[in-house]
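K.L.:
These protein sequence lines are chains H and P, in that order.
full-length UniProt numbering puts the first sequence at residues 1 to 331.
full-length UniProt numbering puts the second sequence at residues 1 to 331.
Fair warning: there could be bad hints in the mix.
As the list makes no split between identical chains, a pair holds if one copy fits it or if it spans any two.
[As the list claims (entries may be wrong)] Straight-line Cα separation of at most 20 Å, SDA-like style, residue types lysine to any residue; simulated pairs:
1) Lys234 x Arg214
2) Lys179 x Gly196
3) Lys234 x Asp218
4) Lys49 x Asp153
Think of the hints as simulated: they come from the structure by calculation, not from any bench.
Protein chains: 2
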Amino acid sequence: MSKASDVWEQADRFVLDNDEFLVVSHLHPDGDAIGSTLAVGFILKALGKRYVMVNESPVPQKFRFLPGVEDILSPEEVQAREKPFRRAIAVDAADADRMGITWNLLGSDADILNIDHHPTNDRFGTVNVIDSDAAATAEILCLWADRLQVTWDRDLASCLYTGLLTDTGGFRYSNTTPKVMALASRLLRCGVDASGIADRALETMTREQIALVRRALDSLSFSEDGRIGWMWLKREDFQETGADEEELDGIVNYARNVVGVDVGILFRETEEGTVKASFRSREMVDVGKLAQSFGGGGHARAAGCSLSESGEKVERAVLEQVTRALQGGGS
Amino acid sequence: MSKASDVWEQADRFVLDNDEFLVVSHLHPDGDAIGSTLAVGFILKALGKRYVMVNESPVPQKFRFLPGVEDILSPEEVQAREKPFRRAIAVDAADADRMGITWNLLGSDADILNIDHHPTNDRFGTVNVIDSDAAATAEILCLWADRLQVTWDRDLASCLYTGLLTDTGGFRYSNTTPKVMALASRLLRCGVDASGIADRALETMTREQIALVRRALDSLSFSEDGRIGWMWLKREDFQETGADEEELDGIVNYARNVVGVDVGILFRETEEGTVKASFRSREMVDVGKLAQSFGGGGHARAAGCSLSESGEKVERAVLEQVTRALQGGGS
Chain H
1 MSKASDVWEQ ADRFVLDNDE FLVVSHLHPD GDAIGSTLAV GFILKALGKR YVMVNESPVP
61 QKFRFLPGVE DILSPEEVQA REKPFRRAIA VDAADADRMG ITWNLLGSDA DILNIDHHPT
121 NDRFGTVNVI DSDAAATAEI LCLWADRLQV TWDRDLASCL YTGLLTDTGG FRYSNTTPKV
181 MALASRLLRC GVDASGIADR ALETMTREQI ALVRRALDSL SFSEDGRIGW MWLKREDFQE
241 TGADEEELDG IVNYARNVVG VDVGILFRET EEGTVKASFR SREMVDVGKL AQSFGGGGHA
301 RAAGCSLSES GEKVERAVLE QVTRALQGGG S
Chain P
1 MSKASDVWEQ ADRFVLDNDE FLVVSHLHPD GDAIGSTLAV GFILKALGKR YVMVNESPVP
61 QKFRFLPGVE DILSPEEVQA REKPFRRAIA VDAADADRMG ITWNLLGSDA DILNIDHHPT
121 NDRFGTVNVI DSDAAATAEI LCLWADRLQV TWDRDLASCL YTGLLTDTGG FRYSNTTPKV
181 MALASRLLRC GVDASGIADR ALETMTREQI ALVRRALDSL SFSEDGRIGW MWLKREDFQE
241 TGADEEELDG IVNYARNVVG VDVGILFRET EEGTVKASFR SREMVDVGKL AQSFGGGGHA
301 RAAGCSLSES GEKVERAVLE QVTRALQGGG S
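Extracted from the complex, chain H is given alone in its bound form (with noise of 0.2 Å):
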């Protein structure tokens, strides 16, 4: 029943009224879950608070350049350290699993302060800070370093930047709003490294990831009509290069950005001997619902499900599937 204005006040007062804060966000973190968890670490900073950051998974080399990120802490790192937090700020995660073993780091009567963007958040905190409008968390954080009258010091700056800029897909989603075209000119007043920052976090690629490509594309296949593309990645393309799960970032988009087609999906076999199918889609294709009806789940444009048959089942089933759905008939 409360007003978004008392809700602002109460996560001002979480801050301001309290000395000690576990920093968290989800794991296997993109650019805003890291981002959003060093901005929030400046601003408690900035307050002269004392906190402690966290994150179960550790930061993926592409975001190793921000400033502070030699501060993020693994659990065991916090556990050996640190008696249980009794307060704590979660940035960017849709529920309390998200935060992975984090969680343990936490007092039976810990309050929680939940800031996200995601419209499925379940509203676990204490106070709730979610604003589904807001194209990142680090969106979110823009608007309360004002309200508490932070700086928007370079460093922290840079963070905001990073999450306004990897949630946006590099300011190419539907979510770039003129609101964050204005706040990244802001952000980059405060000297922000535009250029260096897209480069490290969108451009650069491993020599395992580009091997990964090659064998994606290799494997390309369109339906008669061109309007669904996909692309298989078995078990030895992993082992045959060393890729990891967190170099398959992006590789699905390939498929979706072909002229003509509309869905694009990336199936992979995972270590465990089932299939991860990831969709993409480009206007026609609510592939949300559709990874739903395999029991997955994600966004219109962009969502994913596992399944447990062998690899030719699952891709007739799902290309049967889409094609229904591109035919109108359902998702």
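For this one, chain H is given, so just place chain P on it according to the hints.
P.N.:
Positioned in the frame of chain H, the structure of chain P alone reads:
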């Protein structure tokens, strides 16, 4: 000796005091050339002026979604129905040669308004509005539309946005300034479809292009220290994939984007039997100077040259030169 404000006034008078204009840009047009051509068209239309837009080269497929693009004529189409023009507005063209044969559509006494952001612009116009601090010619046109009190409607804004977007490499190059982002924000407020334009102008690939990427990646090699990455595209790669020169766009970046690489090179055989080398660099090497030493040219981070020796010799000579440049022994 004229001050900047005088030049702007001359530009304003150029359109306000005359009635009919030929709008031209450079051949093999990119997003800024097409976007700026169309933007000038919309500005002239708003001012109630008559104009004809022309380009020697066809509009690349990926920009054919832009409003008004069907009104960009070929020189032949213009010649068939118009007398020589007495006034031309040239956009994004660093010198008159870049306009190709559209030059022939001008009367011998024609006045030219030359609007451009290339620092190498040779001021071939009667009035020259050259701002090398602008990220794109479209950035200059944003200001000009304001000066002329032309409202940014959705069509004009979409063309200007396309110029900004493409000339900053999707807001990834070092010319991505706070001003660019502020203009982008204002353009999006006019109803521009940011994701639709990014999708068409930056993401979409032809099947031929995908096939070319595969072949280029198959040839990717690295120097022993990993600081040089290079790829080859032979004549048969073009013949067998059906790809053309236009579809090379961006492929060289795969070599540069690999972790540890400082200079990425794409060698390709042309139909005439020469070898063209494209260079991209991260930080260490001024590839503009490097290309110059082989009779080519370009910028510090992106350049190219053409060589008439055999592939093997070219590769050896270029790699030796790049190695020397990396060792600080000149470019």
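K.L.:
For every hint, state whether the structure bears it out.
P.N.:
Verification of the supplied hints:
In this assembly of identical chains, Lys234 and Arg214 lie within 20 Å of each other by CA distance both inside one copy and across copies; the values are 13 Å within and 18 Å between. In the homo-oligomer, the alpha carbons of Lys179 and Gly196 lie at most 20 Å apart only across protomers (18 Å), although the nearest pairing inside one protomer, at 22 Å, exceeds that limit. For a Cα distance limit of 20 Å, the shortest separation of Lys234 from Asp218 qualifies both inside one copy, at 12 Å, and across copies, at 19 Å. Taking the shortest alpha-carbon separations for Lys49 and Asp153, only the intra-copy value of 17 Å comes in at or below 20 Å, while the best inter-copy value is 48 Å.
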